[in-house]
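Order-wise, the sequence lines are chains A and B.
The numbers in the first sequence follow the working numbering, run straight up by one, and end at 271.
The numbers in the second sequence follow the working numbering, run straight up by one, and end at 223.
Worth flagging that the hints you see were computed from the coordinates, not collected in a lab.
No residue lacks a Cβ here, since even glycine has one placed at the ideal position from N, Cα and C.
Treat the hints with care, as some may be off.
[What the hints assert, rightly or not] Ranges of calculated distance between the beta carbons of each label pair, as one might list FRET restraints:
(1) 27(A) <-> 5(B): 48 to 58 Å
(2) 162(B) <-> 157(A): 52 to 62 Å
(3) 30(B) <-> 103(A): 31 to 41 Å
(4) 244(A) <-> 103(B): 27 to 37 Å
(5) 139(A) <-> 108(B): 20 to 30 Å
(6) 266(A) <-> 23(B): 14 to 24 Å
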Amino acid sequence: MARPRGREAISATSISQSWQIQRRVIWALVLREILTRYGRHNIGFLWLFVEPMLFTLGVTAIWTALKAVHGSNLPIVAFALTGYSSVLLWRNMPSRCVMALETNLSLLYHRNVKPIDIFLSRLLLEAAGATISFVVLGIFFLAIGWLAPPEDVLKVIVGWLMLAWFGMALGTLLGAWSEQSEMVEKLWHPAAYLLFPLSGAAYLVDVLPRQAQDLVLLLPMVHGVEYVRDGYFGSQIVAHHDMAYMLLWNLGLTFCALALTARVTRTVVPR
Amino acid sequence: MIRLTDVCKSYPTRLGPMPVLDGVDLTVSRGEQVGILGRNGAGKSTLIRLISGAEAPDSGRIERSMSVSWPLAFGGAFQGSLTGLDNLRFICRIYGVNPAQTQDYVAEFSELGIYLHEPVKSYSSGMRARLAFAISMVIEFDCFLIDEVIAVGDHTFREKCRVELFGKRADRAKILVSHQPQYIREYCDRAYVLSGGKLESFDDLDEAFAFYNDAPPPALQAA
Numbered sequence: 001m002a003r004p005r006g007r008e009a010i011s012a013t014s015i016s017q018s019w020q021i022q023r024r025v026i027w028a029l030v031l032r033e034i035l036t037r038y039g040r041h042n043i044g045f046l047w048l049f050v051e052p053m054l055f056t057l058g059v060t061a062i063w064t065a066l067k068a069v070h071g072s073n074l075p076i077v078a079f080a081l082t083g084y085s086s087v088l089l090w091r092n093m094p095s096r097c098v099m100a101l102e103t104n105l106s107l108l109y110h111r112n113v114k115p116i117d118i119f120l121s122r123l124l125l126e127a128a129g130a131t132i133s134f135v136v137l138g139i140f141f142l143a144i145g146w147l148a149p150p151e152d153v154l155k156v157i158v159g160w161l162m163l164a165w166f167g168m169a170l171g172t173l174l175g176a177w178s179e180q181s182e183m184v185e186k187l188w189h190p191a192a193y194l195l196f197p198l199s200g201a202a203y204l205v206d207v208l209p210r211q212a213q214d215l216v217l218l219l220p221m222v223h224g225v226e227y228v229r230d231g232y233f234g235s236q237i238v239a240h241h242d243m244a245y246m247l248l249w250n251l252g253l254t255f256c257a258l259a260l261t262a263r264v265t266r267t268v269v270p271r
Numbered sequence: 001m002i003r004l005t006d007v008c009k010s011y012p013t014r015l016g017p018m019p020v021l022d023g024v025d026l027t028v029s030r031g032e033q034v035g036i037l038g039r040n041g042a043g044k045s046t047l048i049r050l051i052s053g054a055e056a057p058d059s060g061r062i063e064r065s066m067s068v069s070w071p072l073a074f075g076g077a078f079q080g081s082l083t084g085l086d087n088l089r090f091i092c093r094i095y096g097v098n099p100a101q102t103q104d105y106v107a108e109f110s111e112l113g114i115y116l117h118e119p120v121k122s123y124s125s126g127m128r129a130r131l132a133f134a135i136s137m138v139i140e141f142d143c144f145l146i147d148e149v150i151a152v153g154d155h156t157f158r159e160k161c162r163v164e165l166f167g168k169r170a171d172r173a174k175i176l177v178s179h180q181p182q183y184i185r186e187y188c189d190r191a192y193v194l195s196g197g198k199l200e201s202f203d204d205l206d207e208a209f210a211f212y213n214d215a216p217p218p219a220l221q222a223a
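All chains, full assembly: derive it from the sequences and hints.
Structure, rendered in structure tokens:
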């Protein structure tokens, strides 16, 4: 039978070997997760982005029907696409990571599978789903003339990446933390629900009273959403964002997430 | 070679950290067949997890200069909604082995045949155990860790497992933990007894068995 590739089954591995092993493990976990979640029936892994697309389309339809007041002259489609997609991006990541270890403890019997790999595989899948949904819907609305092309594509990409980074750091942090305290799972659901209306998805910061602006701008994801909108239709709105502030948040969250994950990796017991 | 030096591991309990391993030393060379005896709760599975690298010790060193398997008796971390084949592919990918080369062997050895394409949750416990054993024979290691003796399947299947592991892979090191002395006697050159967090070494199997029979149960030692 086949021998494991290279010397990786042995404890001393170089950095490039470790990187190779980690990539392999994450890819295996991604495929396993896709099969587990979506199966091989009907449209299979296409659900990865069809599901967020349906969410976004539904919210777009509801907001259009209700003639939602968002305090600007922007077409509601453009508003819903940028807003709701960005919520899906950062909010689903923690939801997928919370309790992810608890249900996969037996995987840790395989020495090369570490908690961070379990988190990363889920985060990458979530990021891919939200991104494909955002891009496909953007192109679709563009093609049927409901949406103008982004004014500054680079800004849209940077804002999107910052939101993805925020979601990944928050997801890893809460995922690791949920292994230590069951409170995290209980509290994350109401927190996610309450953060949605505050997150900048359903309003433009500019229409809020001055004091409210200062408050919501404490939330890091608001800056990301505003930046994406600045990229999409910056000449028609006044966007409020401070990407340095968001960067600090992302760095801080990433540091805490990695520290807590390292701690959990030392204490977790495979089962 | 695998070398454990002064390895300690404790787990939190309501009364504070409870030491399970308290300064364990162990050296296993290539091709050696080592048995570790211990009562239920003595810390055998903990020791095996530490040797495999699935868990880290609180203190002490664990060096491995040969590849070490995952603990063989465990269920294989199967995802119930996936088919046996999907689970096989997953393990192969993790260890960098081409899944296509292994499929026929696993289908035949596990005696699952076409059921390999059915979800694992539909398997009986015997089918699962056969699949787990077949998959663990697909990845080759220098040292196999065997947690409790492979009491899977019927008599013929157990015999097949014995041939595969102790016949065809006689040259590989094995670390076998059990609470049953007869298995250790059958397969091992050297035996240890895990008792009170310490690993006692013996040159002679009979001495180990005598010591094991006199050792008090773990719960009483802790109290």
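Results of checking the hints against the structure:
1. 27(A) <-> 5(B): 48 to 58 Å: At 35 Å between Cβs, range violated.
2. 162(B) <-> 157(A): 52 to 62 Å: At roughly 59 Å between Cβ atoms, residue 157(A) and residue 162(B) fall inside 52 to 62 Å, so the hint holds.
3. 30(B) <-> 103(A): 31 to 41 Å: Check passed, 37 Å falls within 31 to 41 Å.
4. 244(A) <-> 103(B): 27 to 37 Å: Hint violated: Cβ distance 53 Å, outside 27 to 37 Å.
5. 139(A) <-> 108(B): 20 to 30 Å: 49 Å, violated
6. 266(A) <-> 23(B): 14 to 24 Å: 19 Å, holds
When held up to the earlier numbered hints, the structure conflicts with 1, 4 and 5 and fits the remainder.
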